Amino acid sequence: MKKHLKLLCASTLIFGSLLTTAAKAETADIPSTINWTIPFGVGGGTDVWARFIAPYLTKYIPTHPTVVIKNQPGGGSITGTNLFYKRARSDGSDILGTSASTLFPFMLGDKRVRYNFDKWMPLMASPTGGVVYVQPNLGVKSAADIDKLNGVTLPFGSQGPTRLELPVLMAFEMLGLDVKPVFGMKSRGAGRLAFERGEAKIDFQTTSAYINSVEDLVKNHKAIPLFSLGVMNEDGKIVRDPAFPNLPTFQEVYFQKYGKKPSGNEYTAYSKFLAAGFAFQKVIFIPANTPSDIIHAYQKGIKEMLKDPQFIKDSIVQIGPYKNIVGVNVAQHLQEATKISPELYAWVAKWLKQKFDYSL
Amino acid sequence: MAVLLSALDQILSFTHFIYLLGGVLVGLVVGIIPGLGGIAGMSLLLPFIYGMEPSVGLGMLMGLVAVIPTGDTFTSVLMGIPGSSSSQATVMDGFPLAKKGQAARALSAAFMCSMIGGVVGAIVLSVFILVARPIVLSFSSAELFMLTLLGLSVVAALSGGNIFKGLAACGLGLLVGSVGSAPATGDFRFTLGIDYLYDGIPLVVVGLGIFALPEIISLLVQNKAIASTPNKLGHGLKQGIKDVFQNLPLVGKSSIFGSLVGAIPGLGGSVVDWMTYSFAMNSSKDSSQFGKGEIKGVIAPESANNACASGSMIPTLLFGIPGSGSAAVFLGGMLLLGLQPGVSMITTHLDLTYTIIWSLALANILGAIFCICFTRPISLLTYVKFSILAPIILTLILFAAYQATRSLGDFIVLGVIATIGVLMKDAGWPRPAFLIGFVLSSGAENYFFQSIQFYGYSWFERPGVIIIALLIILGFVLPPILKSRRKAQKDEGQVTEKELPITSITDLVLILLITGAGTYALFNIWDMSTLTKAFPLIAIAIVLFSCIALLIQRYKVKHRKVVTNIRLEACYIVGFFVIACGYYYLGFISTTFVFSLLFLSYLAKASWTKSFIIAFCLVIFLLVMRHIMHIDYPEGFLDPYILTPVDKIF
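If you read the protein sequences in the order shown, they are chains A and B.
So that you can map any letter, position 37 of the first sequence is 37 in the working numbering, and since no number is skipped, the others follow by simple counting.
Position in the second sequence (from 1) plus 1000 gives the number in the working numbering.
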C-alpha cells in the first residue's frame, strides 16, 4: 500500500512539473514569480516607486508573472545591492531597483561597495528634477536678483556631504553662494522642515516633494524659487524642466551671473553626479547574462506599460511629468554618468576634504 | 463639525469597517510576534493598497498602525520580550507581575490603558491637528536637543539608588549608540571595518539583548515556571481593569503626554514609554515596588504608547515627516494611494484626515477588545515549566533579531548585548538606563550640532529651551524633596542591613569591562576630526568618570556582598553563541527543529511525543511566516533540503 502511495505521489509530481514546463514553453521562459529586490525599507521613496510600477509589470509582461517586492535595507542601499550582485539568478526571476544612493557610493569608491554595473543591464530609468529656493526675507524676488545673495551666509539642511545633495552643493559653490550646510538631516523632508522653521535660509527639493510641499509655501510668500536643476534631453543636454518651465536652469543662472558657460572640473563632476542622482534617480536592473528572449520580453512589456494611459496619468502624480528612459539610451547614458576618471576622482576627493573635512 | 460627522458615517459603512477590521487583525498578529511590527504588517498590506479607494485604504492602514502597540504587550508581559520598541518600559513591571502569577491582571490593565490612550490620542489629534502647524514648527533643533536631555534625565529616576551605576550604564548606551556614521560629518566611527557596524546597531537587537535574553537565562538557571507563585487568574482579569479605573488620572496624563510627544517629529516613540514610566514613579507615593511588579508601571507606558501612535500622525499628515517607524510606512501607503501629506490634509482633504482619526479610535477599541478576549488563555502560558518554553522563546528571539538586518551580525551583537545585560541584571545595574542612552544617543548628538550650527551659542536663550531646562531641573529637584518629606513623616531612624548597597564579583567584572571598553573607544576615536569625536568623547567621559566613582565606592562605602550565579550564566551565554551559530550555519529551520527536540527531551525532560509536536509546530510557524510575509531565514547547509520540496508543493 505504502509503495503504491509513493509511486502515486512521485508520478503526480513529475506529471505536474511536466505540465508547468509545457505551459511555460509557449512564450519566453519568464518565471511565474519575479523577485524585485529593493535595497531600501518599506514605505521609502524607492519602495513606493516600485510598488507603483509592480502591478503594471505583471500586466504587461506576456506571462503576467507575480511581482514580489523584496525589501533588503541597510547601508543606504549598499547591503541589499551587494547581496543582489552576489546572489541574483539570471533566469529573469531577479530584478533590482536602485536610486541615487546606490550609484553615488559606487562612483565615490565606497569600500563597502562590492557591485559594479557591468554585470547588469538597465531596463528603465525614472528621472526626477529639483528646485532650489530661498527665504523671502533675503530681498530676492527671483534668480535675476542672485547678486543680492553675495556675502550672505545661507544655512542649508543636508543629509550628508556624499548624499543626494552633493551636486547641489557643487552648484551653490559654482554660483558663488556662501552656503553653510548643516549635516545630519534624516531626510530631504527634515531639511525642508528646517527651512519652514526659518533655521535654513536655502533649501532644495526633488520635483514631487517640491510640488507637494513647497509650492504652497511659494503661494503664501514663504519661499522664493531660484532655479531648477533642469533635465537631460535625449542627446544628453540639460534643458528646462518640463515641470517648471518658468524657472531658469542652473546653467542659465550661471550664464546670467558670469556671462559664460560653466566649465572645469567642478562642472564635470557636477554633471556626472547630477545625471546619476537625477536623470537616473530610479533604475530597474536585470542581470546582463539573463537569456536575451527574457530580456526582450521585459523590454517589450515595459515599453507597452509606458503607453498605458492610466500609467501615464498616475506616473505624473508619482514621479512627475518626466519621460521614463528605456532602451539603448539608458545603458549608454548611465555608463557615461557613472564613469569617473582617476583625475576627476582625485579632484572630488580633495574637494570633499577641503570643503567638509570628509575623507573618502 | 459636519466633516467630523460625515467621516464617522463613512467609517461605519460596511466596506470600510471590514477593511479596518482586516487591518486590525493583521496589526495584532504582527504586534504579537516579536520583531515584526508596523513595517512587516505594512509590507503585507501594501500590495493591495495601490488603486484602492483612499478612505478605505487609509482605514485599513490605520487599523494596522493603531493596534501594534496594543498587541505587542503580550510578549512584553508574558515572556519579558519587548514586542516592539514602544513597549520596552512595559517589560519593567509587566514581566515581574507575570512572575507573581498576575499576568492576566497586567495584560488586561495594559489593554484597557491602550484603548483609553488610543482614544484620548485620537481626540487630542482631532483638535490639535488644526492648530498644530505653528506649534510643531516652533520645535527647532535646539528644543529637540533639550527634549532628548529631558529623556536622558529619566535615567536618574531609574537608577535604583546608585546614580553612578545609572550614569555608567547610560554612558555606555550613548557610546554604543554612536557606532556608525557621525551625523555632523558623515565619517564612520567604531566600525572596526565590519560592514554590519556601519549602519549602527539596530534598536530591536539591543532591546532583545538587554532585556529578553538575560531574563531567559536567569529563568533557565532557576528552572521554574514564569509564574512561580500561582495566583487565581479569574481575579486577575477584572483586577486589571479595576486598577485602570483607580489610576485614571495617571492614564489621562500619560495619554495626553504621549500624544504630544508623538506629535513632535524627531524624538520618536521609543522614549515616551520610559518618560511616562519615570513620571509614574516620581509621582507615586510609594515607588519602592517599581520594577518588582507595580501595576502603575504597566499603566503609564501602555497609555502613552498608543496615544503616541496617534500623535505621530500629526507630523506625518501635516509635514510628511514620519514621527515613528510605522508612521513612516503609513506615509508610504498614503503616497501609494495618491495622497500627499501637507497643509491640504487639513484643508481640501480634511474629510480624509477625520476618517483617519475615527479609524484610529475605532481600531484602538477593537484591538483592545480582541486582546482582552485572548488574555485568559494566553496568560496560562506563564504556568508552564519554563524549560519547555525556552526553545520556543529563544527561536522567537532569534527570529526577531534576524529581522533587523538579516545577517549573522544580528546574532553576534545580540549575544554581546545579552552578555552586558546578564552582567547588569546580576549586579543590579539599571538596564533601562543603558537602553535610554542608546535610543537617545543619535538624537542628542545630531540636534546638538544642528542647533549650534544654526544658532551659534545663542540657542540656549530660546524660550522653549529655557522652559524644558526648567522642567529637567524640576525633575531632579522635586522627587528627592518629596521623598525626604515622606521619610520625615515615617521617621525611619536606622538604615537596615537590607538597604545597604549591594555588590558582588559581577559588579567588579562589569566595571572593569566597561572601563576597558571606554578606554579602547578613547584610543579608537582619538585621531578623528573634532566634530566626529566630540560626542563619543562626552560619552566616554561619563563612562570612565562613573566607573572610577563606582570603584571608589566599592572600597570606601559600607556594602553587603551577594553571591551570584555568574559562572552558570556564563555557560548559558556561551551556549547561546553556539546555538546562534547553529541557527546561522546549519540553517534556521532545521536547527529550530533539532535544537527544540533535543532541548525538550534531554534538558526539559519532556516526552518524545510532546517534544516532537512542539518542535514540529515551531517549524510550521516559521514556514507559514516565510510563505505569507516573504521572510527570509539563514539557509545554512541543511535548510535548502527542506525548503526546495516545500516550495514545490506551494
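Since the hints were made in silico from the structure, they are not lab data.
Note that the structure is predicted; figures quoted are calculated from it, not measured.
Incorrect hints may have been included.
[Stated by the list, open to error] Under the rule of at most 20 Å between Cα atoms (straight-line distance), these lysine to any residue pairs were calculated in the SDA-like manner:
no.	chain 1	residue 1	chain 2	residue 2
1	A	Lys-119	A	Asp-308
2	B	Lys-1610	B	Gln-1453
3	A	Lys-70	B	Val-1624
4	B	Lys-1100	B	Tyr-1455
5	A	Lys-186	B	Gln-1453
6	B	Lys-1292	B	Gly-1428
7	B	Lys-1605	B	Ser-1284
8	B	Lys-1253	B	Ser-1284
9	A	Lys-180	B	Ile-1346
10	A	Lys-111	B	Ser-1407
11	A	Lys-70	B	Phe-1188
12	A	Lys-353	B	Met-1528
13	A	Lys-222	B	Ser-1407
14	A	Lys-323	A	Asp-308
15	A	Lys-111	B	Phe-1188
16	B	Lys-1610	B	His-1627
17	A	Lys-180	B	Tyr-1455
18	A	Lys-70	B	Leu-1643
19	B	Lys-1648	A	Gln-335
Hint check:
1. A:Lys-119 / A:Asp-308: violated (30 Å)
2. B:Lys-1610 / B:Gln-1453: violated (63 Å)
3. A:Lys-70 / B:Val-1624: holds (17 Å)
4. B:Lys-1100 / B:Tyr-1455: With a Cα-Cα distance of about 52 Å, the restraint between Lys-1100 (chain B) and Tyr-1455 (chain B) is violated, given a limit of 20 Å.
5. A:Lys-186 / B:Gln-1453: Given that 20 Å is the threshold and the Cα spacing comes to 16 Å, the pair holds.
6. B:Lys-1292 / B:Gly-1428: holds (13 Å)
7. B:Lys-1605 / B:Ser-1284: violated (45 Å)
8. B:Lys-1253 / B:Ser-1284: holds (13 Å)
9. A:Lys-180 / B:Ile-1346: violated (34 Å)
10. A:Lys-111 / B:Ser-1407: Judged against 20 Å, a Cα distance of about 19 Å means the pair holds.
11. A:Lys-70 / B:Phe-1188: violated (28 Å)
12. A:Lys-353 / B:Met-1528: Holds - the C-alpha atoms of Met-1528 (chain B) and Lys-353 (chain A) are around 13 Å apart, at most 20 Å.
13. A:Lys-222 / B:Ser-1407: violated (46 Å)
14. A:Lys-323 / A:Asp-308: holds (13 Å)
15. A:Lys-111 / B:Phe-1188: holds (12 Å)
16. B:Lys-1610 / B:His-1627: Violated. Lys-1610 (chain B) to His-1627 (chain B) sits at ~26 Å, over the 20 Å cutoff.
17. A:Lys-180 / B:Tyr-1455: Answer holds: Lys-180 (chain A) to Tyr-1455 (chain B) is near 12 Å, not above 20 Å.
18. A:Lys-70 / B:Leu-1643: The given pair, whose Cα atoms are some 18 Å apart, holds under the 20 Å limit.
19. B:Lys-1648 / A:Gln-335: violated (40 Å)
Violated hints, in rising order: 1, 2, 4, 7, 9, 11, 13, 16, 19; the structure is consistent with all others.
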